[in-house]
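A.B. asks: Given chain S's structure and the hints, the job is docking chain P onto it.
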Amino acid sequence: AQKITQTQPGMFVQEKEAVTLDCTYDTSDPSYGLFWYKQPSSGEMIFLIYQGSYDQQNATEGRYSLNFQKARKSANLVISASQLGDSAMYFCAMREGRRGGSQGNLIFGKGTKLSVKP
Amino acid sequence: EPEVTQTPSHQVTQMGQEVILRCVPISNHLYFYWYRQILGQKVEFLVSFYNNEISEKSEIFDDQFSVERPDGSNFTLKIRSTKLEDSAMYFCASSGQTSGYNEQFFGPGTRLTVL
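Chains as they are written, first to last, in this note's numbering: chain S, 161 to 278; chain P, 10 to 124.
Chain S on its own, in the form it takes in the complex:
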């Protein structure tokens, strides 16, 4: 079974509007972290936002916010006031609880390609 599911292969949004990118996850570990990364066409992976499984409040970082619904196992990324530079692939990732000395590797979804229209 997929650990991270991103059901939207591609999304379009008008500049200055908000957009929500979906992510659902599957884990039986009570301790986990959820991450969103942006990958522009140049290829690098840029960290955007993090949500811990025990965090009471939804994470926010500037124009990015994470809509964390633990019971539904969803961690959707909301980008407000979209900009042309937001056009990129967006990956949701999960890190499960630490084992031994490991910080835990990231498990990625297949990504959503966001295109911002002027």
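To be clear, the hints were calculated from the coordinates, so they are not data collected in a lab.
Among these hints, one or two may not hold up.
Listed below are the simulated BS3-like cross-link pairs for lysine-lysine, each with C-alpha atoms no more than 25 Å apart in a straight line [what the hints assert, rightly or not]: (1) S/Lys273 <-> S/Lys163; (2) S/Lys176 <-> S/Lys273; (3) P/Lys66 <-> P/Lys87; (4) P/Lys51 <-> S/Lys230; (5) P/Lys51 <-> P/Lys92; (6) S/Lys270 <-> P/Lys51; (7) P/Lys51 <-> S/Lys273; (8) P/Lys51 <-> P/Lys66; (9) P/Lys66 <-> P/Lys92; (10) S/Lys273 <-> S/Lys233; (11) S/Lys163 <-> P/Lys66; (12) P/Lys66 <-> S/Lys270; (13) S/Lys233 <-> S/Lys270; (14) P/Lys87 <-> P/Lys51; (15) P/Lys66 <-> S/Lys273; (16) S/Lys163 <-> P/Lys51; (17) S/Lys233 <-> S/Lys163; (18) P/Lys51 <-> S/Lys233; (19) S/Lys270 <-> S/Lys163; (20) S/Lys277 <-> S/Lys176; (21) S/Lys163 <-> S/Lys230; (22) S/Lys270 <-> S/Lys230.
To give an idea of the interface, some chain P residues facing chain S are shown, with a C-beta separation under 7 Å as derived from the structure [what the hints assert, rightly or not]: (23) Lys51; (24) Val52; (25) Phe54; (26) Ser57; (27) Asp95; (28) Glu112; (29) Phe115; (30) Pro117; (31) Gly118.
Note that beta-carbon positions come from the ideal geometry of N, C-alpha and C, so glycine has one too.
C.D. replies: Frame of chain S, contents of chain P only:
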């Protein structure tokens, strides 16, 4: 701002050749990772490294792969005998905190092309 660096940015090799991909993690980080991304696909975990040894590895990380931290700064991924299906972008990442969450900082990647 400190960053993870990787060299080379692009490596072209013949099938069966050995390649070494190099990474310089952020200097005070303790945990190091290699991931790969086949063109158009998701990022996949290969291996994590802590305290001079492998802490976890995936099924992809078979006997053809090895990692090393030869000195205090470099972290390398070696593929002994490359195959066509090894063609991918290889990302190095590092993280530093020992408690709480720790963001994994990714390098810019090395694009490996096996001919």
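A.B. asks: Each of the hints needs a verdict: does it hold here or not?
C.D. replies: Verification of the hints:
| no. | hint | result |
| --- | --- | --- |
| 1 | S/Lys273 <-> S/Lys163 | 19 Å, holds |
| 2 | S/Lys176 <-> S/Lys273 | 17 Å, holds |
| 3 | P/Lys66 <-> P/Lys87 | 14 Å, holds |
| 4 | P/Lys51 <-> S/Lys230 | 24 Å, holds |
| 5 | P/Lys51 <-> P/Lys92 | 20 Å, holds |
| 6 | S/Lys270 <-> P/Lys51 | 5 Å, holds |
| 7 | P/Lys51 <-> S/Lys273 | 12 Å, holds |
| 8 | P/Lys51 <-> P/Lys66 | 17 Å, holds |
| 9 | P/Lys66 <-> P/Lys92 | 19 Å, holds |
| 10 | S/Lys273 <-> S/Lys233 | 22 Å, holds |
| 11 | S/Lys163 <-> P/Lys66 | 17 Å, holds |
| 12 | P/Lys66 <-> S/Lys270 | 20 Å, holds |
| 13 | S/Lys233 <-> S/Lys270 | 17 Å, holds |
| 14 | P/Lys87 <-> P/Lys51 | 21 Å, holds |
| 15 | P/Lys66 <-> S/Lys273 | 28 Å, violated |
| 16 | S/Lys163 <-> P/Lys51 | 12 Å, holds |
| 17 | S/Lys233 <-> S/Lys163 | 11 Å, holds |
| 18 | P/Lys51 <-> S/Lys233 | 20 Å, holds |
| 19 | S/Lys270 <-> S/Lys163 | 11 Å, holds |
| 20 | S/Lys277 <-> S/Lys176 | 9 Å, holds |
| 21 | S/Lys163 <-> S/Lys230 | 15 Å, holds |
| 22 | S/Lys270 <-> S/Lys230 | 21 Å, holds |
| 23 | Lys51 | 5 Å, holds |
| 24 | Val52 | 4 Å, holds |
| 25 | Phe54 | 4 Å, holds |
| 26 | Ser57 | 5 Å, holds |
| 27 | Asp95 | 17 Å, violated |
| 28 | Glu112 | 5 Å, holds |
| 29 | Phe115 | 4 Å, holds |
| 30 | Pro117 | 5 Å, holds |
| 31 | Gly118 | 5 Å, holds |
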